[in-house]
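Engineer: Order-wise, the sequence lines are chains E and Z. According to this note's numbering, the stretch in the first sequence is residues 74 to 220, in order. According to this note's numbering, the stretch in the second sequence is residues 21 to 125, in order.
I should point out that these hints are in silico values taken from the structure, not numbers from a laboratory. Be aware that a few hints might be false.
[Unchecked claim] Sample of chain E residues with no beta-carbon within 10 Å of chain Z, all distances over it, derived: (1) Y79; (2) I135; (3) Q166.
[Stated by the list, open to error] Looking from chain E toward chain Z, a few residues come up when the C-beta cut is under 7 Å (computed): (4) E121; (5) S180; (6) M182; (7) R215.
[As the list claims (entries may be wrong)] Calculated cross-link-like contacts (lysine-lysine; reagent style PhoX-like; alpha-carbon spacing at most 25 Å): (8) Z:K22 <-> E:K87; (9) Z:K46 <-> E:K87; (10) Z:K69 <-> Z:K103; (11) E:K193 <-> Z:K103; (12) Z:K103 <-> Z:K84.
Keep in mind that this is a model prediction, so the values were computed, not measured. The C-beta atom is built at its ideal place from N, Cα and C for all residues, glycine as well.
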Amino acid sequence: MITVNYINIEIPSKSTNEGLARSAAACFAAQLDPTLEELNDIKTAVSEAVTNSIVHAYPETIGKISIKGKIFDDNTLEITVRDWGRGISDVKQAMQPMYTTGGDERSGMGFTIMESFMDKLRVKSTEGKGTTVTMRRRLSYRAGNIR
Amino acid sequence: MKITTEYRHGRLTVWLNGELDHHVAKDIIETVCREIDQCLPLSCFIDMKGVGFMDSSGIAVILKIYKRMKELGGTVIIRNLGKHARKVLDISGINRLVNMEEVKA
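Here chain E stands alone, though its shape is the one from the complex (with noise of 0.2 Å):
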């Protein structure tokens, strides 16, 4: 696969910053002109990402968290969400549904919410080191979008 083009953002691990977040990652995606429904379940993957990370990478700070988006010629799209906090010393079980340890504003359905609206997902994590999220959706190719 070839990468047709790229954004890299880098924001404080601020819960102000998620609207932000997922905003920016759905400007762009908008390059691949998907519906609505491809929007709004990209916007949703990405802040759960992202609130995971400002909640349970930097409980106690405020750190680096990293947005990467790409987009490659078969109209897929990727993005990377990246911390540099505690880590998740068991990623099978943070992945279950309604598991959470971060309390009541908490559903504990956020990777379950990642799976689900996008293809792939894929947690890669480090106690002490980070976590890397990444996730891919291919849009689907609408008429009269000629490309």
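Fit chain Z to the given chain E structure using the hints.
Structural biologist: Same frame as chain E, but now just chain Z:
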């Protein structure tokens, strides 16, 4: 996120306006639960017409309100749920717990 509430004849109505994410979830939970504790309503209607975006934080918000209303023996009804918010809620299975009125076109 703008939160408006109204209590009338045993019914607490909550209108949410804006993007429902983790950044605003705590504020919604606190505001609505405070209203519930004050009015002790029989039913709580959550109007989602103004919610343009919702992630899994919406599940946590509704679940929390549901739990508080259940303690009081009351019900939760979600109104004007958009297509996307519905998709998020359906994944959680929360639709088995709370009443959802017709989906907004």
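Engineer: For which of the previously enumerated hints does the structure constitute a violation, in increasing order of number?
Structural biologist: 7
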